[in-house]
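With the hints as constraints, model all of the structure from the sequences given.
Number of protein chains: 2
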Amino acid sequence: MELVFVGLGLNDDKGITVKGLEETRTADAIFMETYTSRMPDFSMPRFEQATGRKVQLIKRQDLEEDNGKVILQAAKAGKAVFLVPGDPFIATTHVTLRIDAEKAGIKTRVVHGISIMSAIVSLSGLHNYKFGKTVTVPFADNFSETPYNVIAQNKKLGLHTLCLLDLRAAENRYLTINEGLKLLLEVEAKKNLGIITAATPALGLARAGGDNPVLKADFVEKLVNYDFGQPPFSLIIPGDMHFMEVDALIAFAGAPAEFKRLSR
Amino acid sequence: MELVFVGLGLNDDKGITVKGLEETRTADAIFMETYTSRMPDFSMPRFEQATGRKVQLIKRQDLEEDNGKVILQAAKAGKAVFLVPGDPFIATTHVTLRIDAEKAGIKTRVVHGISIMSAIVSLSGLHNYKFGKTVTVPFADNFSETPYNVIAQNKKLGLHTLCLLDLRAAENRYLTINEGLKLLLEVEAKKNLGIITAATPALGLARAGGDNPVLKADFVEKLVNYDFGQPPFSLIIPGDMHFMEVDALIAFAGAPAEFKRLSR
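Here the protein sequences line up with chains A and B, keeping their order.
For what it's worth, the working numbering labels the leading residue of the first sequence as 1, then goes sequentially.
For what it's worth, the working numbering labels the leading residue of the second sequence as 1001, then goes sequentially.
These are computed hints drawn from the structure, not numbers from a lab.
These numbers were taken from a predicted model, which means no experiment stands behind them.
Worth double-checking, as some hints may not be accurate.
In silico BS3-like links for lysine-lysine, alpha-carbon gap of 27 Å or less [to be verified]: (1) A:K216 <-> B:K1103; (2) B:K1130 <-> A:K182; (3) B:K1191 <-> A:K156; (4) B:K1103 <-> A:K130; (5) B:K1076 <-> B:K1054; (6) A:K103 <-> B:K1222; (7) A:K130 <-> B:K1076; (8) B:K1260 <-> B:K1130; (9) A:K222 <-> A:K190; (10) A:K130 <-> B:K1156.
Chain B regions said to be covered by chain A (calculated; three or more residues, Cβ under 8 Å) [to be verified]: (11) 1091-1100; (12) 1110-1119; (13) 1123-1132.
Some chain B residues well away from chain A (every beta-carbon gap over 12 Å; in silico) [to be verified]: (14) E1048; (15) F1143; (16) E1145; (17) E1179; (18) A1198.
Idealized CB from N, CA, C, for every residue including glycine.
Encoded structure:
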């Protein structure tokens, strides 16, 4: 009677922890979902070989329509492992399943995985305690002024904003950094508060956690045309920057020397 | 000519990713520091056996006084791996070493580890995008009103505050959740803004990432006397809570039923 949520971490089948691998090897039943996040280099045959076990793929419908009945039944009969990209609960998708399990008297445990949230902050060289509220920039067909407003609110407090960019993994659609910036510039054109202009510094990141992540810091007018390659993507709009943060952007993210004058 | 920063993740020698373990096995020289964070169940003999390699422990002085000369020299001669608790750059301690390496023409890479930041958010069941600025509560001998002010600012925006609690790993000193709350209540007694009172809901977490993490949500008057056991500790002061967040605190953190009326 046990359900263990195991994070797969980022990018591929080697992003899981040693602990996570051991839990998987000793499970009675193993489930995995791949719809909450993209893991570009994940190989199921390689993973099944590493664990010596068969993994059952779970679709969004299995969880949303059936309330995860298959998983809960397996957990009632023995030890079930549910493999989730990133960290199991950074996205709130699976919190309900965990609550349902506990209510059914099934013991739950969490083996954490690397989350895109901390990987991005860590790669950026920006100081962790200077990030304000995080926001997701939705696709144009779901347009919202919220991201602009959150950035404005954070900037007022001198804080950085991590902007996650919307994705529809099942449709293989990923909002690019260029599109995200254009959507923010549209709001600027209307509101005219000077929050996101051609001269605003920004940082784009592609494939954090992969073997070839791309980081590029520049002013928005340049970044809006920069080619970041394949997804997943994310975007940071810095607030006030310490000179060590500026140095890091120059050293790790190819920021132009003009960034020096942004130090506070 | 390569320096790979590898995150050890949380708690023990099995918190490292499979990728991190492989990088360690194939390195020409391996260094590790254990002073930026506590890993209560880390066993060096077990880790050296798992990697088949000898690991050289690095002290704070080696990095601060010598600017990591030993590590940089090894990286110039071949592939050096530097093992760091958590994620290598969530604490800013090692950003300078990475900048120095890049300036010396040494290629650097990052293999992420699980960060306490995302593990705590994930365990809490609170929504990730509703966290504001993070803050560290210092020891009484280094007293500051900043944590109180950050919590006040976040609450005004309806946001949760993750409070890291100060530690001096070398002295084996860890600010407890009880002490942290008392320090915040002291500021409240002076400022009287109603930010942290006996009736404020809060969430304490001990040993996130370990096999027996303790989560306890309650009103401050109760939590201030709750026994969380061994460190490391952290504290979350929630802002406005969605009913699903309240449900999660009741299911996973033993919050009393009175928390229901806090839903917004």
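These are the hints, each one checked on the structure:
1. A:K216 <-> B:K1103: holds, 18 Å
2. B:K1130 <-> A:K182: The given pair, whose Cα atoms are some 25 Å apart, holds under the 27 Å limit.
3. B:K1191 <-> A:K156: holds, 24 Å
4. B:K1103 <-> A:K130: Distance of about 26 Å is within 27 Å: holds.
5. B:K1076 <-> B:K1054: holds, 19 Å
6. A:K103 <-> B:K1222: Holds. K103 of chain A to K1222 of chain B sits at ~25 Å (cutoff 27 Å).
7. A:K130 <-> B:K1076: violated, 33 Å
8. B:K1260 <-> B:K1130: Judged against 27 Å, a Cα distance of about 19 Å means the pair holds.
9. A:K222 <-> A:K190: Holds - the C-alpha atoms of K190 of chain A and K222 of chain A are around 21 Å apart, at most 27 Å.
10. A:K130 <-> B:K1156: Given that 27 Å is the threshold and the Cα spacing comes to 18 Å, the pair holds.
11. 1091-1100: Holds: 6 residues of the region 1091-1100 of chain B have a Cβ under 8 Å from chain A.
12. 1110-1119: Coverage by chain A holds for the region 1110-1119 of chain B (8 residues, Cβ < 8 Å).
13. 1123-1132: That given contact holds, which follows from 8 residues of the region 1123-1132 of chain B lying within Cβ reach (below 8 Å) of chain A.
14. E1048: Non-interface label stands for E1048 of chain B: nearest chain A Cβ at 14 Å, farther than 12 Å.
15. F1143: holds, 18 Å
16. E1145: Answer for E1145 of chain B: holds, closest chain A Cβ roughly 16 Å.
17. E1179: Nearest chain A Cβ is 20 Å from E1179 of chain B, so the label holds.
18. A1198: holds, 28 Å
When held up to the earlier numbered hints, the structure conflicts with hint 7 and nothing else.
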